[in-house]
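Put together the whole structure using the sequences plus the hints.
Numbering (mature numbering (1 follows the signal peptide of the UniProt record, and there is no 0)), first residue to last: -20 to -1, 1 to 200.
Calculated from the structure, these hints are not laboratory results.
C-beta atoms are modelled at their ideal positions from N, C-alpha and C, and glycine is treated no differently.
All the pointers check out, no bait thrown in.
Now the in silico label distances, taken between C-beta atoms and shown as ranges:
#1 Asn125 <-> Phe99: 37 to 45 angstroms
#2 Lys82 <-> Ile146: 33 to 41 angstroms
#3 Leu101 <-> Val138: 30 to 38 angstroms
#4 Pro175 <-> Leu148: 40 to 48 angstroms
#5 Ala47 <-> Ile191: 24 to 32 angstroms
#6 Asn200 <-> Pro175: 54 to 62 angstroms
#7 Glu131 <-> Leu101: 42 to 50 angstroms
#8 Val6 <-> Asp126: 36 to 44 angstroms
#9 Ile191 <-> Leu101: 19 to 27 angstroms
#10 Ile157 <-> Phe99: 16 to 24 angstroms
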Amino acid sequence: MKKRLIIASLLVFTTIYSQAQIFNTVGVKSGVSVANQDWNYKSNFKGLESEFRTGLYIGITTEILKAKYFSLIADLGYIQKGMQFDVELTSESNPDGTGEMKTIDNRYDFISFQPVAKFRLPAKHIEPYLFAGPRTDFYVGFSTNDEFGIELDDVPPVTFGASYGIGLDYTFSDVIITLEAQHQPDFTYLYNTKPSPQNGGLSIQNQAFLITLGVKYVLN
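So this is what it looks like as structure tokens:
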């Protein structure tokens, strides 16, 4: 009986240890998202002239299956996307416009998950790398700063896209400081309607650029 308990304990320990060996680092990232939306009308109607908006990104990250030149990164985070646009204010005496403009901020919030492949140039302390992979965004909510804000109907709960970019790891002791810049285009639509007698048809997709700074702790 004692021998069986020892063997069982060794098997459990070996399993836990082998699983722990998979995870090389764990950490947090935070930074700025610079986002916009592509409004594509399917008729000759002039599209909305949207502008980039800045928002927040914060998340957790882990690196697994690390080899000399290659590893996998899994990031889970909260990101603010959307866009801005300008409208001309009107008044009773100037119903066609006063000439004064106001910026309308449309913010769409997502929980984002991205497992990406990382390709590094090995170095002792400062290590540059490239990364790329798929991304899944889970819609959380919408907010705007004005009644002229445009909240889309029937926003899908999940959208898919890609993430790719460059990074730099600075290692000292068991801590890694990481700096990343990435582009996040979407493959699926945030909004998509076909042309009809009532409308000209419209498709909208998100895109964003991220700059993040993070701290990772080396597990093994």
